[in-house]
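A.B. asks: Sequence:
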Amino acid sequence: MGLLTLWAAWSGPIGVVAGYGGALLRARAQMRRDHLDAGAQALQLVASYQRREAQLIAERERSLAYEMDARARARIAADVLQVVHVEAISARLRCHDLEMRQGLPLTDFPLFPDFPFREIPPSQEAHASSATGG
Numbered sequence: 001m002g003l004l005t006l007w008a009a010w011s012g013p014i015g016v017v018a019g020y021g022g023a024l025l026r027a028r029a030q031m032r033r034d035h036l037d038a039g040a041q042a043l044q045l046v047a048s049y050q051r052r053e054a055q056l057i058a059e060r061e062r063s064l065a066y067e068m069d070a071r072a073r074a075r076i077a078a079d080v081l082q083v084v085h086v087e088a089i090s091a092r093l094r095c096h097d098l099e100m101r102q103g104l105p106l107t108d109f110p111l112f113p114d115f116p117f118r119e120i121p122p123s124q125e126a127h128a129s130s131a132t133g134g
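1 is the number of the first residue of the sequence shown in my numbering; add one for each residue after it.
Read the hints as simulated data drawn from the structure, not as lab findings. Using N, Cα and C, we set each Cβ at its ideal position, and we do this for glycine too. A few of these clues could be false.
Simulated DEER-style distance windows between Cβ atoms [what the hints assert, rightly or not]: (1) R62 to A91: 40 to 48 Å; (2) T107 to H85: 46 to 54 Å; (3) L56 to A77: 42 to 50 Å; (4) R94 to A58: 34 to 42 Å; (5) L24 to Y49: 53 to 61 Å; (6) A47 to R71: 31 to 39 Å; (7) R28 to M68: 46 to 54 Å; (8) R51 to R26: 52 to 60 Å; (9) L64 to L24: 54 to 62 Å; (10) S48 to A77: 38 to 46 Å; (11) R62 to R28: 28 to 36 Å; (12) V46 to L25: 27 to 35 Å; (13) L56 to E87: 45 to 53 Å; (14) H35 to A74: 52 to 60 Å.
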């Protein structure tokens, strides 16, 4: 019965120490899990920020590409319009020259607008038309 007496005498203090040690180990393991979870959350947050930044960069690049394309098209259209404008003035001068040689009255051509055209912003255009009663 020495073993039972020994067990009865020491089971209380050993149980307390073992329970306290077990609680410490569980708390330490939980802290490690919490730390790993916080790290995983931080990595997920960084990854989502990086995806968002990549989307914004791609959107900005598309926007700049569209803007550059629009400017190039406007420049090409302006060049073509300039050629047409010059040719129209040239045709008018030739027509007047031929009419003068034949002694005919000069044809009254409508005036061409100035080139390059002045762009009026839409807000000023609406203001100008309302001021003139149009």
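A.B. asks: Each hint needs a verdict: does it hold in this structure or not?
C.D. replies: The hints, checked one at a time:
Separation of R62 from A91 is about 43 Å and conforms to the stated range, judged on CB atoms against 40 to 48 Å. For T107 paired with H85, a C-beta distance near 18 Å fails the hint of 46 to 54 Å. A beta carbon spacing of about 31 Å between L56 and A77 contradicts the range 42 to 50 Å that was offered as a hint. The given range of 34 to 42 Å is broken by R94 and A58, whose C-beta atoms sit roughly 54 Å from each other.
Take L24 and Y49: their Cβ atoms lie about 37 Å apart, and the range 53 to 61 Å is violated. A hinted range of 31 to 39 Å holds for the C-beta pair A47 and R71, which are about 36 Å apart. Hint check: R28 to M68, Cβ distance near 59 Å, so the stated range 46 to 54 Å is violated. Under the hint 52 to 60 Å, the C-beta atoms of R51 and R26, about 37 Å apart, miss the expected range.
Distance hint for L64 and L24: a CB-CB separation of about 59 Å, consistent with the stated range 54 to 62 Å. For the pair S48 and A77, the supplied restraint of 38 to 46 Å holds, since their beta-carbon distance comes to about 43 Å. Taking 28 to 36 Å as the suggested C-beta distance range, the pair R62 and R28 does not conform, at roughly 51 Å. Our hint of 27 to 35 Å for V46 and L25 holds, since their Cβ atoms are close to 32 Å apart.
Hint check: L56 to E87, Cβ distance near 47 Å, so the stated range 45 to 53 Å holds. With their beta carbons about 58 Å apart, H35 and A74 fall inside the hinted range of 52 to 60 Å.
Hint compliance for this structure: hints 2, 3, 4, 5, 7, 8 and 11 are not met, and every other hint is.
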